[in-house]
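Sequence order for the protein chains is A and B.
Going by the working numbering, the first sequence wraps up at 1042, each residue one higher than the last.
Going by the working numbering, the second sequence wraps up at 245, each residue one higher than the last.
Everything labelled a hint here was simulated from the structure, so no lab data went into it.
Careful, some of the hints might be misleading.
Claimed, not checked - Examples of chain A residues toward chain B, derived with CB under 8 Å:
#, residue
1, 849
2, 850
3, 856
4, 858
5, 859
6, 861
7, 865
8, 914
9, 921
10, 942
11, 1021
All of these numbers come straight from a predicted model, not from anything done at the bench.
C-beta atoms are modelled at their ideal positions from N, C-alpha and C, and glycine is treated no differently.
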Amino acid sequence: MGDEVYSQLMKELKEGKYVFTGELEPEKAGDVEEPIKAARELLGLVTACNVTDNPQSFAYVSSLAASYKIQAETGMECIYQLRCADRNRNALLSDILGAGVLGLKNILALTGDHVSLGDTPDAKPVYDLDSTTLIALIRKVVDEGKDLHGNEIHNPPKLHVGAAAAPGAAVLKAEIAKVKRKIKVGAEFIQTQVVYYTEVLDRFFKELGKVDVPILVGIFPAKTYAQADFFDKYVAGVDVPPDYLQQMKETKSIKDKEKRKEEVDRVNIEFFTGFLEHLKDTPAAGCHIMAVGYPRIIPELKKVME
Amino acid sequence: MIAQEQKPIEEILGYLNGKRKVVIVGCGGCATFYHTGDKKAVREMAERLRKEGKETTEVILPLGVSACEVEMSSKFLEKKRDAIKAADAVLMMSCGDGVQVVGEYIENRMGVTIPIVPANDPLGLMGGGPRKYKETCQACGQCELGKTAGICPLTACGKGLMNGPCGGVREDGKCEVDPEKDCAWVKIYERLEKMGELDKFMEMREPHAWSKAKRPRMFTIEEPVKPVSAILSSLPSYLTLLGGPKYEEEE
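Isolated chain B, as found in the complex:
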């Protein structure tokens, strides 16, 4: 999921300076998990903006409906078509993906050209939970995990080195860039050592091929999944969640 945090309110108000009618759009995907675009966050933002004398319309996307998946999110946007047409600005409480996908929809499909501004700062693709998350993958287009003991050096190493560790490893194997974080290459070394595969460490890994990260990247799915049938077919899996073992997070 894309981790995110809300921007300072001063920055948000700066973007909305001089805009009276504001449509606030939340997100039922990542932004709901990170409390930056769920129902509560949208309502609190609306209240804050009303205190600034703004007229607000809220578009709340329920859990499972991500702003960036336009086939689903558009159904909720369409319900507020009139408010969007009359608005001076749209405030997106999602990651930058949601801002742009919804922005394109409003511009191209609704025919409305108005400022669309972000409420959040996206912080990367993160996994883990339920409380602590960390960035482990940067979706670079050429996965290197098969060469690095299943730990991504491009993401977990502060310098993104393919052949570390650098000379900056701190005491207790912490990173030069941030003493709170582990040195990824010490972790890779130790994992390879435990698995008896240190010969892999000694082989030089070629520089990463960045040609597959030519931006902006595009993708076409030949047979798109139908959202409703996907949800229905997943129901039995969701039921197992109710009876599964309790996960306890490491401190």
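Isolated chain A, as found in the complex:
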């Protein structure tokens, strides 16, 4: 792993700037108009945006195609999420090389949810690699111009690779060991799963200890009660505080649309101001704001960090 920097994301992280990243979700559709619209709204608010790869194993527009279109049409730098799920090592290598050809500069290497969680549970599950070996593959491609079997790659792509971490993991010691292993094989940055509790965050940083890579902490200001409820019920390792959930639930009863939006924003700003104030005292290098479809909240949250 050299000191070369290929992306704005890595440049800002290396300069020690506090970095915000956003999240864009391609849909089950024949176009990427929605994430492109969202990317335009996020321009100037975040350094780069993750483009999700079939979250929960529902099949959507390919994150590779979406990342390219979004980056090309809006200028928003993309963090191309690449899951091991549903692709063997050949398909993964093809997508990595494709990402380079399409001008993408950042990949977030993920294992990915099992197909049984998605909307086509009879699909054949594929996990030829895992997040660790995918990081190792990307490093080998970028650093040595070789694949996992040592086959030469002509004019290898210049890419940065990041990894995920789950601060709220049910068995934290195993998660911490895995994160360290991913750093050891060459992850250059970490983005965490959503965290709501400062205690969860503190425990994670304490157990992890000092590491050499920047960590962006994931937060999820929910636009609706349903979003917050979904995270609480269905996303592994994420607990949403009951007070916040209750306040979000109460916004549902506000009839006037504008007033409801104002109240949702108030609840989020109140909750996340406390969280972000705390975040300042942690080793976090930035914040990954997964406010999908909710860009108006980001300037308010950024104010706290100034």
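On the provided structure of chain A, position chain B as indicated by the hints.
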């Protein structure tokens, strides 16, 4: 052993639609342990098919005679050669291995080409017992247990990861794919921790070499075991079973 369960009777009857004379073949191996091909299962199936107006012939294989071991099972098939020749279909109460091995025997050695259909769904190589079994090995051709604290991640991990756990571990260390099952990688971590070998966890394991699972796999045994002499030489071991300590299954 290969765990198995009987298919829904509607599916079986669907395969036998329009077939009047049916030979039902059981299995004295795994299917006897799982009650999917023992004498009782074969007889119950015959009775069910007769209710559907079918004429049945039963081939019951005694305990120890697996349908898939054709040297032994063929002796019982040969006794019913005439019925097989006259049959419209053969219903195999075994795993898919038995279906195909017996199918090939009937086709190639008996010269009879008729539909041979499965009565069971095989569920994997399982160990344990006497009541609860679990899949622990998938016979992948390249055993990884030396790197993973003796727990196969390809089989015990819902995703078959070589470097877990994934981010989906549930409360109490259960699996993302099935909350009833343990996360294999939490188990591997904890076992390595107890043995003072966590450094093994921190080392990245290379991706599994699937090249040894090129299907269909073939195997040749240079000196085949003679079934009768194998049984005779094992007799003293079977006798120890009678006096051994009682095994109690964990709940």
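Here is what the structure says about each hint:
1. 849: holds, 7 Å
2. 850: Hint holds; residue 850 of chain A Cβ to chain B Cβ min 5 Å, cut 8 Å.
3. 856: violated, 15 Å
4. 858: Violated, because the Cβ-Cβ distance from residue 858 of chain A to chain B comes to roughly 14 Å (cut-off 8 Å).
5. 859: This interface hint is violated because 13 Å lies over the 8 Å limit.
6. 861: holds, 7 Å
7. 865: holds, 5 Å
8. 914: Holds. Min distance 7 Å.
9. 921: The hint holds - residue 921 of chain A has a Cβ within 8 Å of chain B, the shortest such distance being about 5 Å.
10. 942: violated, 18 Å
11. 1021: violated, 20 Å
This entry does not satisfy hints 3, 4, 5, 10, 11, going by the numbered hints stated previously.
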